[in-house]
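Once you have looked at the hints, place chain B on chain A.
Just so you know, the sequences run in chain order A and B.
Per my numbering, the very first residue in the first sequence carries number 1; after that it's consecutive.
Per my numbering, the very first residue in the second sequence carries number 1001; after that it's consecutive.
Calculated directly from the structure, the hints in this document are not laboratory data.
Yeah, the Cβ is synthetic: ideal placement off N, Cα and C, and Gly gets one too.
Misleading hints may appear alongside valid ones.
Claimed, not checked - Interface residues of chain A toward chain B, partial, derived using beta-carbon atoms under 8 Å: (1) 17; (2) 31; (3) 37; (4) 40; (5) 73; (6) 219; (7) 230; (8) 254; (9) 255; (10) 261; (11) 299; (12) 302.
Stated by the list, open to error - List of simulated lysine-lysine pairs, DSBU-like, C-alpha gap at most 35 Å: (13) A:136 / B:1224; (14) A:243 / B:1369; (15) A:218 / A:136; (16) B:1112 / A:224; (17) A:243 / B:1324.
As the list claims (entries may be wrong) - Covered, in the sense of this in silico footprint (three residues per stretch, anywhere, with C-beta under 8 Å from a C-beta of chain B), are these stretches of chain A: (18) 47-54; (19) 58-72; (20) 92-106; (21) 133-145; (22) 241-253; (23) 263-277.
2 protein chains.
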Amino acid sequence: MSEGIGELLPPERLMLTPGPSCVDPRVYRAMAAPIVGHMDPWFTAMMDDVQVLMRRVFQTRNRVTFPISASGSGGIEAAVANALESGDECIVCVNGAFSERMAIIAERIPAKVIRVEAPYGRTVDPQDVVRAGKGKKIKFVGLTHGETSSGIVQRIEDYRKAADELGALLIVDTVATLGGVPLDVDGQRIDICFSGAQKAISAPPGMAPITVNERVEKYMETRKEPVRSWYFDLHPAMTYWGKDRLYHHTPPITLIYGMREALRLVLEEGLEARWERHALCQQALIAGLEAMNLEMLVKNAAERLITVTAVNIPSGLNEKTARKQLLDEFNIEIAGGLGPLAGKIWRIGLMGYSCQTWNVLRFLASLEKVLLDQGLRVPTGAGVGAAIHAFREAMQPAGAGARK
Amino acid sequence: MSEGIGELLPPERLMLTPGPSCVDPRVYRAMAAPIVGHMDPWFTAMMDDVQVLMRRVFQTRNRVTFPISASGSGGIEAAVANALESGDECIVCVNGAFSERMAIIAERIPAKVIRVEAPYGRTVDPQDVVRAGKGKKIKFVGLTHGETSSGIVQRIEDYRKAADELGALLIVDTVATLGGVPLDVDGQRIDICFSGAQKAISAPPGMAPITVNERVEKYMETRKEPVRSWYFDLHPAMTYWGKDRLYHHTPPITLIYGMREALRLVLEEGLEARWERHALCQQALIAGLEAMNLEMLVKNAAERLITVTAVNIPSGLNEKTARKQLLDEFNIEIAGGLGPLAGKIWRIGLMGYSCQTWNVLRFLASLEKVLLDQGLRVPTGAGVGAAIHAFREAMQPAGAGARK
Chain A
1 MSEGIGELLP PERLMLTPGP SCVDPRVYRA MAAPIVGHMD PWFTAMMDDV QVLMRRVFQT
61 RNRVTFPISA SGSGGIEAAV ANALESGDEC IVCVNGAFSE RMAIIAERIP AKVIRVEAPY
121 GRTVDPQDVV RAGKGKKIKF VGLTHGETSS GIVQRIEDYR KAADELGALL IVDTVATLGG
181 VPLDVDGQRI DICFSGAQKA ISAPPGMAPI TVNERVEKYM ETRKEPVRSW YFDLHPAMTY
241 WGKDRLYHHT PPITLIYGMR EALRLVLEEG LEARWERHAL CQQALIAGLE AMNLEMLVKN
301 AAERLITVTA VNIPSGLNEK TARKQLLDEF NIEIAGGLGP LAGKIWRIGL MGYSCQTWNV
361 LRFLASLEKV LLDQGLRVPT GAGVGAAIHA FREAMQPAGA GARK
Chain B
1001 MSEGIGELLP PERLMLTPGP SCVDPRVYRA MAAPIVGHMD PWFTAMMDDV QVLMRRVFQT
1061 RNRVTFPISA SGSGGIEAAV ANALESGDEC IVCVNGAFSE RMAIIAERIP AKVIRVEAPY
1121 GRTVDPQDVV RAGKGKKIKF VGLTHGETSS GIVQRIEDYR KAADELGALL IVDTVATLGG
1181 VPLDVDGQRI DICFSGAQKA ISAPPGMAPI TVNERVEKYM ETRKEPVRSW YFDLHPAMTY
1241 WGKDRLYHHT PPITLIYGMR EALRLVLEEG LEARWERHAL CQQALIAGLE AMNLEMLVKN
1301 AAERLITVTA VNIPSGLNEK TARKQLLDEF NIEIAGGLGP LAGKIWRIGL MGYSCQTWNV
1361 LRFLASLEKV LLDQGLRVPT GAGVGAAIHA FREAMQPAGA GARK
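Isolated chain A, as found in the complex (with noise of 0.2 Å):
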């Protein structure tokens, strides 16, 4: 009766898109591991090493941190289901289709939701965010961190403030930052602060870290309402995740085995070592890109997000037929634009396992045929040798710079 439908054999592909990343073989490896009953005390055991792992990657002492059950736009609506009664009014800072995503969730709690906008490709204002929460009672400002539909940065430090100047929480995406940009979710006094699985954490989608600060926890206790989603509702989700370990759902144990592994991963690295390394290998990226006579974007290279470069796409050129040609003669996966910029840029991502120096040669090789091949004029070699010249300088020994 599964006639037709045989072995699954997937393409190995190298997905240089906002995600998912490509999977580290120990992760992979971690989740072949047979599950156990998400009651079993080995597993409850466990499940306190994923969140003693998982606070240090978001550098935070918070109790509720734990994985949610859901992919990263799961995590935006507990974040924002959790903070919000119906009615309530919130100030989302909107520049892209994922700070869109986190407004129309709010929206339907229902609550009254600002949009502070900015145009795809450029920062929020904070000054603007003030403006527009000013003699209103705002429950949180909403931003993210990474914009990956125009790979767009903001600076967290100045929306806290402006959250503070209104008495709001703030709310922070990190799913395209978290493990490849500096976040520190205590440092930067983030109230909730959620991201996904598949970026820069490199494990497989399906699961949307989160944590919450003890304002916010005490907040869920004193809620007049419920939360709307029985799904996403943190406080019996972190009574399962927490001491009491009440079954709340059951959670998809091989994901966080994968969680678990993934998580080890980027603290064996050491944060900073990988924030590092997302840094090299996209001025590299950038330099291979500029050198065949591509621009960027993002002008402000201050506002660039290091895991997602946006790109012009070359005039006369068919992105889609460009696209298709990467995978299927080189096997590498970029993602076009989203929303406005459909059409108008590609979307590089370089996030955890994907982000290597080999992969961003491999690459802009495989991208310079594409180009010649579609008849566009690029210097032969220039993007590699770009990028080579990059790696080189970043990696040079101190005091050697006269060698260059």
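This is chain B only, laid out in the frame that chain A set:
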């Protein structure tokens, strides 16, 4: 920085709980395959395969048939949230923890929920449903096909009839039954049917198969109010799973690989053969338990859920100590009771890959030692003997009855 948290080394448990079940090595192997992107043409073609397989297992031609990216409880929320708008009235048949959960989730929409109740371990009277809904505008009747909290199964046809009398939709939770107990979504005219991955389907937890008929699909297109949950909104999720392939959220690629292989295994065995295997193993289990002087919670054999057997804990037994011994000494996990049945029953699951003749024998033999160690009188070998007898009766060739 991950010091003290070493290699993942889970014990090899035999899960005889109401889920998760043990997982076939073929499913682990499928999940060890490298992930690809969720927009990769190879992956979207593979999603079609999963849907074809899932329709066969649900026995439906419904277009909207796919796995939700959440555990079985997320399936409840998706079913309920897509069927309801705020202020709607619905009926939920409540006779256990999971049907109670459906009622709680519906109340959070917020909707008016009429609970038609029966004690744990009893079926809800379909006439009570009709009486409770008479003269009211009932949006749906919600039924938990197999209540794992008490080991009860309910006849879908009876509640379909009741829902028809009220002009209501029928939502059926088949988390504990799909793939283990006869079910025919189209034949039984179920409007919304959902399940879980980790029970008789025997994939790891983390996905909730759902199927929705045309009547519901049409309703979803004409709703006045958006679905309260963005994550569980079936309409955009289905544009991703449907032919449009528009991105909604990143699904758990690895779990979809596992789901595909688990569904293939279900269909290779054949639905009827699989139902028979589950029925046979439970017969043998019950024969064994009764031979050891244990009593079933559900007296009416026709109302017993085939996949989860609820057995009364004998007096004089420390049930937690007994379960701990089963786990520590024999690597077998069974479950205790929930809610009003906590401390009063054990729940023994025989589902999917866990449901094997040899596991029944291993469990009964292990339990005999545990009961003896606690000072209970158990006729030596009676449990195993009775189970073997049940297997021999069922397995002998036709016409060989005289030799038994």
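| Structure-inconsistent hints, enumerated in ascending order | 6, 11, 12 and 21
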